[in-house]
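Colleague: In the order they appear, the protein sequences are chains A, Y, D and H.
If you read the first sequence in my numbering, its first letter stands for residue 46, the second for the next number, and so on.
If you read the second sequence in my numbering, its first letter stands for residue 46, the second for the next number, and so on.
If you read the third sequence in my numbering, its first letter stands for residue 616, the second for the next number, and so on.
If you read the fourth sequence in my numbering, its first letter stands for residue 616, the second for the next number, and so on.
Rather than coming from a laboratory, the hints here were simulated on the basis of the structure.
Certain hints may be false.
Stated by the list, open to error - Pairs of lysine-lysine, DSS-like flavour, derived with a Cα cap of 30 Å:
id	chain 1	residue 1	chain 2	residue 2
1	D	Lys751	Y	Lys210
2	D	Lys698	A	Lys476
3	H	Lys620	H	Lys819
4	H	Lys819	A	Lys210
5	H	Lys801	Y	Lys476
6	Y	Lys502	A	Lys626
7	H	Lys742	A	Lys294
8	A	Lys294	A	Lys435
9	A	Lys460	D	Lys698
10	A	Lys626	Y	Lys446
11	D	Lys742	A	Lys446
12	A	Lys210	H	Lys698
13	Y	Lys148	D	Lys627
14	Y	Lys446	Y	Lys460
15	Y	Lys446	H	Lys698
16	D	Lys627	D	Lys844
17	D	Lys742	Y	Lys294
18	D	Lys751	H	Lys803
19	Y	Lys626	A	Lys506
20	H	Lys790	H	Lys627
21	A	Lys476	D	Lys803
22	A	Lys240	A	Lys148
23	Y	Lys476	H	Lys627
24	D	Lys742	Y	Lys210
This structure is a prediction, so every number in the text was calculated from the model and none was measured.
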Amino acid sequence: MAESTVNNMTIRLAGEAGQGVDTGGAGFAKALANAGLWVFTTSEFMSRIRGGLNFYQIRVADHPLYSHVEPVNLLLAFTEEAVSEYAGTVVPGGGVIYDQGLKVREEMVARNGVQAFPMPLVKIAQEVGGNRIMMNTAALGAAAGVVELPFEFIAEIIQRNFRRKGDAVAEANLKVAEAGYRYAREHYAAGFPWKLQPRKTSRPRLMMTGNQAIGLGALAAGCRFISAYPMTPASSIMEWIAAHGARYKVVVKQTEDEIAAITMAIGAAFMGARAMTATSGGGFSLMVEALGLAGMAEIPVVVVESQRPGPSTGMPTKTEQGDLLFVLHASQGEFPRIVLAPGTIEQCFWTMVRAFNLAEKYQCPVIVLTDNYMAFQARTVLRQDFDYTKVEIDRGALLTKEELEQMEGPYLRYKITESGISPRALPGHPKAVFQACSDEHDEYGHFEDEDAENRVKMQSKRMRKLRTALAEIRPPEVYGPEDPEVTFLTWGTTYGPVREAVDILNSQGVRARMLHFVDIWPFPVDAVLPLLERSGRLVAVENNGTGQFAHLLRAMTGREVDDRILRFDGRPLSPDYILRKFEEARIHA
Amino acid sequence: MAESTVNNMTIRLAGEAGQGVDTGGAGFAKALANAGLWVFTTSEFMSRIRGGLNFYQIRVADHPLYSHVEPVNLLLAFTEEAVSEYAGTVVPGGGVIYDQGLKVREEMVARNGVQAFPMPLVKIAQEVGGNRIMMNTAALGAAAGVVELPFEFIAEIIQRNFRRKGDAVAEANLKVAEAGYRYAREHYAAGFPWKLQPRKTSRPRLMMTGNQAIGLGALAAGCRFISAYPMTPASSIMEWIAAHGARYKVVVKQTEDEIAAITMAIGAAFMGARAMTATSGGGFSLMVEALGLAGMAEIPVVVVESQRPGPSTGMPTKTEQGDLLFVLHASQGEFPRIVLAPGTIEQCFWTMVRAFNLAEKYQCPVIVLTDNYMAFQARTVLRQDFDYTKVEIDRGALLTKEELEQMEGPYLRYKITESGISPRALPGHPKAVFQACSDEHDEYGHFEDEDAENRVKMQSKRMRKLRTALAEIRPPEVYGPEDPEVTFLTWGTTYGPVREAVDILNSQGVRARMLHFVDIWPFPVDAVLPLLERSGRLVAVENNGTGQFAHLLRAMTGREVDDRILRFDGRPLSPDYILRKFEEARIHA
Amino acid sequence: MLDVKIYNSPVKPTWCPGCGDYGILNAVKAALAQLEILPHEVAIFTGIGCGSKLPDYMTVTAFTTIHGRPIPVATGAKLANPKMHILVVAGDGDTYGIGANHFIQALRRNPDITLIVENNMVYGLTKGQYAPTSQKGMVTSTTPEGAIEVALNPLAMAITGGATFVARGFSGDPKHLAWLIAEAIKHKGFSLVDVLQPCVVYNKVQTYDFYRERVYKLEEEGWDPADRKAAWEKAHEWGDRIPIGIFYRVEGEPTYEDQVPALREGALTTQPVGLDPQAFEALLNEFA
Amino acid sequence: MLDVKIYNSPVKPTWCPGCGDYGILNAVKAALAQLEILPHEVAIFTGIGCGSKLPDYMTVTAFTTIHGRPIPVATGAKLANPKMHILVVAGDGDTYGIGANHFIQALRRNPDITLIVENNMVYGLTKGQYAPTSQKGMVTSTTPEGAIEVALNPLAMAITGGATFVARGFSGDPKHLAWLIAEAIKHKGFSLVDVLQPCVVYNKVQTYDFYRERVYKLEEEGWDPADRKAAWEKAHEWGDRIPIGIFYRVEGEPTYEDQVPALREGALTTQPVGLDPQAFEALLNEFA
Ligand SMILES: Cc1ncc(C[n+]2csc(CCOP(=O)(O)OP(=O)(O)O)c2C)c(N)n1
Ligand SMILES: Cc1ncc(C[n+]2csc(CCOP(=O)(O)OP(=O)(O)O)c2C)c(N)n1
Ligand code: SF4
Ligand code: SF4
Ligand SMILES: [Mg+2]
Ligand SMILES: [Mg+2]
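With the hints as extra help, turn the sequences into a complete structure.
Modeller: Written out as structure tokens, the structure reads:
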């Protein structure tokens with residue numbers, strides 16, 4: 046037997062919608078996390094509720110992970126299609142676990158040194174648990190057996206996941222898992238070179254998805270209102286908050302459409318509640334008009350735009366970063382907006398906290414741009430990186446009751462100031478009688494859509510907020526050596542794949558660097574210019590077909606990228622993909 | 046008395062909404078056009094139906110005009126406010142006509158050498174016509190009297206305009222006008238240095254507004270369907286077509302909102318009718334999602350976006366070019382669209398013809414970007430410039446009945462081709478059974494939102510259409526000398542003001558040039574680059590606050606403009622304004 | 616009873632002389648005064664249109680939103696701070712045209728909001744195009760051969776959709792209208808007051824005279840607003856006689872905001888922003 | 616009667632086993648076959664959702680548009696080419712949620728379009744959130760404490776809004792449904808067939824059994840669909856007994872497309888594109 050690799054592998058579960066690929070995978074990942082390992086999961090789902098072919102993929106290691114990788118070491122295939130479609134992704138020496146009852150030709154699997162691990166999973170499920178649906182529990186047990194993970198971690202997660210279905214169900218599943226574990230360990234473990242061993246961890250860890258981190262960040266930031274309309278991949282943000290709404294006093298409203306979603310949030314924000322909405326590009330399209338309303342009436346509202354491949358309905362369950370230029374310029378006329386694109390689970394959390402602060406400080410819409418890849422990825426993170434004492438709530442120039450009471454003269458909602466920020470009062474106070482207005486207006490808020498001078502003053506005041514905000518806009522993260530040969534320019538959710546690609550290149554002796562942007566608008570041009578001077582070859586890495594960030598960079602700095610590594614087939618970028626394209630470009634150059 | 050200036054002046058009518066400022070002004074302008082003069086009119090209206098203060102301004106000359114200018118030679122003020130607000134716009138030696146009954150202090154008017162021309166207009170109207178509402182007819186007569194235009198031209202237009210109200214009304218108005226004419230000529234003509242004299246014209250002329258030219262162009266192009274929702278300044282496009290709908294067999298539908306407007310047009314276009322919609326920025330915001338539908342399903346649809354100052358409701362009756370970047374990037378994902386921004390009345394007409402052709406040839410949405418300034422401006426144009434024999438209808442790769450009948454194998458609506466264009470069949474033919482689809486799809490049109498390879502093929506096919514289209518995208522118009530010291534970069538409706546500014550500068554010995562873009566997307570980068578090389582100082586001139594075209598230019602060419610002349614107070618650019626700003630910049634430089 | 620003057624504003628209305636909106640403005644002020652609601656205790660949400668300019672001519676908390684969207688903005692506001700009185704004032708285009716979906720959905724939500732529709736059966740501010748409530752055959756700039764749609768019946772729609780208070784007023788009778796608006800505000804739940812509002816410029820059919828000759832008051836004929844079916848039928852009466860008054864009213868239905876779990880402990884806006892550190896730790900534990 | 620097989624498609628439905636949409640697919644095919652409408656003589660417009668995938672599983676002219684918008688797209692298509700039969704097939708979210716305004720407006724326009732709504736009272740494709748037709752109290756991922764909105768009543772709305780044909784079918788009875796759909800297609804004017812469609816994954820209340828125990832056929836009880844008021848009342852019956860069949864039908868009302876002046880000489884799509892040169896000169900003369 047080959048020498049074994051400990052704690053560095055990828056496991057893929059694959060099968061039909063409804064077979065528990067998702068829940069099983071998440072449970073297994075959690076078990077690994079509990080074993081003290083670092084985990085990164087991704088998944089791919091079809092736009093259907095039952096049937097088809099989905100996968101959930103777990104990468105696991107001894108060190109923190111930022112991305113998935115493409116090669117699979119162990120495939121758990123629940124259907125024949127899962128075997129035939131995905132056996133090719135398994136590396137030589139890797140294995141495919143499947144039920145003996147499936148019509149699978151072993152030679153098909155065993156190509157290129159891949160090992161077939163047929164097992165009587167359904168039989169085990171029926172004999173031990175009485176139920177063929179438990180087959181996937183048997184498979185999970187088997188997977189743990191092959192990699193020789195101590196069974197206790199699987200046991201614990203089964204207890205936890207099935208508890209609410211009653212002791213009997215939990216007990217039966219436990220037995221099934223154990224039988225699968227034993228069978229696999231006995232028959233196949235010896236020949237399988239990848240092993241997983243528990244590690245002691247001193248610093249507590251959490252496992253969460255991008256959308257959960259967004260929801261958690263919103264709650265931490267004091268979000269009290271979310272109105273939204275379901276749309277993949279954003280729906281689970283509202284759903285996660287809804288599950289916590291009663292307890293954490295957040296009003297959660299599914300609306301009739303996205304127009305109502307954003308306008309309700311604007312209404313709540315006008316009254317003083319921290320309010321948000323979440324959608325994908327199609328829904329955002331319907332929010333465009335109201336985005337301008339928030340810009341004109343100076344209402345703080347946070348909009349999460351979770352991208353998926355367009356145009357139009359596109360590929361509803363796949364991923365893309367195709368909406369950057371759209372959200373930057375959406376809605377008629379010119380007004381300040383802030384656009385943030387978090388790159389990690391931690392950044393999802395902290396970006397939401399910042400988004401609510403920035404929205405209230407600059408009294409404008411803040412767009413948090415994420416995507417399907419981020420929405421569904423799960424990662425182990427350090428609990429200390431979610432330190433609530435570091436969460437600061439900054440409501441900006443919000444007038445207190447006392448300030449209002451001491452105010453002389455009438456309250457001017459849209460007072461012209463040097464910073465562009467007009468102190469904000471919330472309705473309900475006798476002094477806070479004012480009009481918010483979508484028409485051009487005077488300082489009180491009355492319609493003033495004729496006067497040229499007032500217009501220039503008001504429009505300039507609003508736009509000045511962007512200049513003021515620039516002071517707290519963060520420069521891109523620089524990752525990698527000084528004096529690079531190549532700089533990968535990237536933004537948002539590609540953080541992990543690019544970072545890992547940079548690590549690999551540096552380990553191969555290529556001085557590669559990453560510039561990663563979370564804060565995109567207002568564009569931190571002064572911070573960027575010096576970084577471009579010593580970039581070496583500048584390569585944009587984006588999950589879209591045209592290089593939208595590269596377009597923006599050139600518009601803002603004049604600098605054209607030397608090359609583009611793009612992907613628009615609905616799949617996320619990965620370190621492997623980036624390196625492959627980088628190599629290709631090198632050959633062609 | 047000063048030497049007189051013949052056929053070179055500006056007349057402004059001003060008064061309340063409902064006082065006939067608009068119709069009176071248009072009638073007077075028409076009379077001047079009939080007198081063989083060249084006319085350019087602009088107007089400014091408040092967002093209210095009665096009252097307030099509006100003006101209608103007529104520039105008239107012996108040579109073709111492309112723009113208004115700011116100084117007024119003769120003001121017809123129908124209210125006190127009109128006098129006090131606008132007397133300051135009148136040049137020394139100019140005059141203000143107003144009714145003696147108005148509470149106007151003559152000294153107020155007579156500042157800076159402006160002459161007050163008080164007249165008993167209401168009295169004339171009442172005595173001669175029996176009706177005080179005819180006061181404005183008296184004023185028009187008076188204006189003609191002061192400038193010594195032969196009365197027959199006024200008579201003719203009154204006959205024409207009042208005919209449908211009956212002979213008695215026409216007769217009464219005629220008498221009132223004549224009395225006004227006589228009074229003014231007797232009392233004030235001698236002291237007024239600007240005169241208008243009829244000219245013989247060999248080439249027949251027309252007078253039309255921008256929105257009329259758009260409607261006319263649409264009809265000429267074979268538009269058979271317009272669905273729209275009223276919004277200033279676009280409404281009159283639908284209204285003009287509605288007035289001709291029954292006769293020219295165009296279905297005109299006012300819809301419940303802009304979403305229905307564009308989707309109905311898409312439905313009609315899918316069936317094979319040339320279809321359009323027209324709106325302003327706020328309505329376009331609501332069309333964003335369906336724009337992507339047209340992109341994905343490859344439906345030819347023409348969208349006129351007539352800009353007004355945003356953000357949000359903004360200044361409903363004013364002008365701005367603030368939506369360029371918005372329309373360029375509107376809707377999620379990446380798909381081909383064509384953006385055209387006509388700069389003259391003639392270009393409005395021909396752009397509409399091209400828009401319908403391009404939409405069908407490239408099976409994508411075409412956006413025609415115009416604005417309030419263009420919508421309401423009226424100009425005398427040569428009839429020969431609307432030569433119908435030059436209107437070519439090109440429906441692109443549209444399969445004929447015969448072609449369909451001879452087709453072997455199934456019809457593939459989204460066939461992958463080198464040009465990106467898939468031959469199009471219209472529903473209703475036995476061979477033309479297919480599915481148009483907003484989801485990613487295969488060549489037939491069936492949902493295919495999983496397969497990565499198909500996605501890349503389809504997305505690339507669609508985007509290739511833009512490359513193909515580039516071959517017939519027109520370079521910017523170059524106006525002015527070779528080897529310029531300064532180049533004004535501009536687009537869309539600013540054509541006239543910039544062109545006239547360039548003329549003035551050249552007459553002053555400054556080698557100024559204009560680069561004017563009608564075709565904006567796909568961006569004609571190859572045509573532009575050599576023009577930038579010998580631009581001299583490059584100055585963007587735009588009717589917005591940030592220089593959106595300059596942003597685009599830099600993104601596409603790397604070239605940053607040296608300066609920006611911008612205006613965002615709701616008023617159009619004018620040659621005067623441009624020269625003023627140019628001079629200021631020179632002083633500051 | 617407050618002095619209506621406290622709602623006065625220095626801004627002069629830009630409405631046409633004789634416009635029906637003046638009567639509505641006066642009625643809104645009178646109703647608020649009667650109910651002793653101070654300018655900061657009520658927020659008025661409007662769309663865009665002639666009628667939607669109404670709060671610009673008052674001293675009152677207001678938000679003039681975008682065309683068609685005042686209802687969802689107001690609903691969000693009500694949910695954030697149920698203590699404020701919330702009025703929506705909007706045109707027939709705002710409400711039954713571009714915003715009709717929000718109207719329909721509000722009916723079944725029953726937030727404690729009063730919706731006052733300035734129903735002039737035409738698009739005033741955009742210069743006289745036809746509206747969803749325009750009668751079939753109406754000739755306008757976009758329907759030169761006459762509208763071919765059957766007019767929308769707002770009252771019947773509201774009753775069918777689940778509204779708990781449905782009334783019609785006439786802006787030519789501001790006193791009666793003020794009473795209706797006051798009743799609507801007092802009603803716990805969603806209330807519609809559709810107002811027959813002459814547009815003296817663009818609607819030459821439904822004029823003051825047209826209405827004066829036809830309107831009669833339901834309450835004067837002993838109408839029982841408790842009968843939903845009868846109300847629905849009554850809502851179809853449109854001819855020589857046009858009823859105004861309260862068509863339908865049912866009390867005691869729970870309001871939207873009463874049923875939202877997160878609001879059990881009061882308005883969101885009066886609670887501290889952010890989480891209790893322990894509550895946050897409890898949340899984190901879900902991911903451990 | 617055509618062979619239904621001509622509508623078959625090589626594409627296998629992605630619906631869940633047992634989904635009510637299968638019955639609707641079969642009923643649509645059967646109705647078309649019965650009426651001898653060939654695949655190129657009919658165009659089906661859909662939105663986005665489980666049910667809206669229906670034409671993907673047929674051989675027929677179709678346009679799968681965007682969520683909520685099939686009605687206006689179909690209306691535009693009908694006006695461009697009135698000779699085509701036009702069907703809209705869409706989910707309850709498509710029609711009564713995001714697209715409700717278009718639904719309302721279509722009722723009063725009366726285009727000759729048949730609207731078939733797959734009413735599963737839930738959002739299927741997005742994984743089970745509540746829908747406008749969800750019953751009050753329904754627990755879903757976005758309403759963990761139960762929906763607080765009163766369910767929308769599509770039939771009562773349609774009758775109130777001016778629909779000329781209003782019916783309800785049950786996807787568990789595809790034969791009866793096929794008959795209803797055929798009647799709806801034959802009807803000149805706008806017809807609604809709201810279909811009770813079990814979603815076997817996300818709606819555990821309104822199941823096949825739930826309906827089987829409750830539905831009864833109006834035509835079997837001698838129902839007179841000519842009485843609008845009675846139909847409106849009947850539309851409220853929802854409990855131990857749930858009526859299916861034709862609630863309301865009125866013939867002879869002019870269709871939308873019949874009243875459009877530009878269509879007097881036939882479909883736009885069959886006429887040459889562009890103007891007659893003389894007609895153009897006449898237009899230019901207006902500006903001379
Ligand atoms: C999205 C959008 N579309 C169109 C408009 C233009 N618009 C302003 S007011 C109005 C309609 C006005 O009619 P109504 O709501 O009945 O109010 P009224 O003026 O009659 O009081 C329209 C279409 C707009 N502001 N926004
Ligand atoms: C503008 C927009 N918002 C949201 C979505 C996401 N979405 C797709 S289908 C759907 C609802 C499906 O419900 P329904 O219409 O009832 O159809 P069903 O799946 O139940 O058949 C939603 C919200 C979308 N595609 N477009
Ligand atoms: S146009 Fe009509 S609705 Fe508008 S202000 Fe004038 S009268 Fe009133
Ligand atoms: S989720 Fe429901 S509606 Fe969708 S396919 Fe499955 S059973 Fe049918
Ligand atoms: Mg109106
Ligand atoms: Mg549904």
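Colleague: All the hints need checking, so say for each whether the structure fits it.
Modeller: Results of checking the hints against the structure:
1. This hinted pair checks out: Lys751 (chain D) and Lys210 (chain Y) have alpha carbons roughly 26 Å apart, not beyond 30 Å.
2. Taken as a hint, the Lys698 (chain D) and Lys476 (chain A) pair is honoured in the structure, with Cα atoms around 17 Å apart against an allowance of 30 Å.
3. The suggested pairing of Lys620 (chain H) with Lys819 (chain H) is violated, with an alpha-carbon distance near 33 Å, which exceeds 30 Å.
4. Distance hint between Lys819 (chain H) and Lys210 (chain A) is fulfilled; the C-alpha atoms sit about 17 Å from each other, no more than 30 Å.
5. With a C-alpha separation of about 25 Å, the suggested pair Lys801 (chain H) and Lys476 (chain Y) falls inside the 30 Å cut-off, and the hint holds.
6. Taking the CA atoms of Lys502 (chain Y) and Lys626 (chain A), the gap is about 18 Å. The hint holds against a cut of 30 Å.
7. A distance of roughly 25 Å separates the Cα atoms of Lys742 (chain H) and Lys294 (chain A); the hinted pair therefore holds under the 30 Å criterion.
8. Our distance criterion of 30 Å between C-alpha atoms is met by Lys294 (chain A) and Lys435 (chain A), whose separation comes to about 22 Å.
9. For the hint linking Lys460 (chain A) to Lys698 (chain D), the alpha-carbon distance of about 27 Å falls within 30 Å, and the restraint holds.
10. Restraint check: the Cα-Cα separation between Lys626 (chain A) and Lys446 (chain Y) comes to about 46 Å, which exceeds 30 Å; the hinted pair is violated.
11. Of the supplied pair hints, the one linking Lys742 (chain D) and Lys446 (chain A) is violated, its CA atoms being roughly 44 Å apart against a limit of 30 Å.
12. Distance restraint check for Lys210 (chain A) and Lys698 (chain H): the Cα-Cα separation of roughly 57 Å exceeds the 30 Å cut-off, and the hinted pair is therefore not satisfied.
13. For the proposed pair Lys148 (chain Y) and Lys627 (chain D), the alpha carbon gap of about 21 Å is at most 30 Å, so the pair holds.
14. Of the supplied pair hints, the one linking Lys446 (chain Y) and Lys460 (chain Y) holds, its CA atoms being roughly 18 Å apart against a limit of 30 Å.
15. Simply put, Lys446 (chain Y) and Lys698 (chain H) have alpha-carbon atoms about 17 Å apart, close enough for the 30 Å limit, and the pair holds.
16. For the hint linking Lys627 (chain D) to Lys844 (chain D), the alpha-carbon distance of about 43 Å lies beyond 30 Å, and the restraint is violated.
17. Note on Lys742 (chain D) and Lys294 (chain Y): the hinted pairing holds, with a Cα-Cα distance of about 25 Å set against a maximum of 30 Å.
18. This hinted pair checks out: Lys751 (chain D) and Lys803 (chain H) have alpha carbons roughly 19 Å apart, not beyond 30 Å.
19. The hinted pair formed by Lys626 (chain Y) and Lys506 (chain A) meets the criterion: a straight-line CA distance of about 21 Å does not exceed 30 Å.
20. Restraint check for Lys790 (chain H) and Lys627 (chain H): the C-alpha separation of about 22 Å stays at or below 30 Å, so the hint holds.
21. Distance hint between Lys476 (chain A) and Lys803 (chain D) is fulfilled; the C-alpha atoms sit about 27 Å from each other, no more than 30 Å.
22. A distance of roughly 28 Å separates the Cα atoms of Lys240 (chain A) and Lys148 (chain A); the hinted pair therefore holds under the 30 Å criterion.
23. About 22 Å separates the Cα atoms of Lys476 (chain Y) and Lys627 (chain H), which keeps this hinted pair within 30 Å; it holds.
24. Between Lys742 (chain D) and Lys210 (chain Y), the direct Cα distance comes to roughly 21 Å. Compliance with the 30 Å bound is thereby established for this hinted pair.
Against the hints set out earlier in the document, violations occur for numbers 3, 10, 11, 12, 16.
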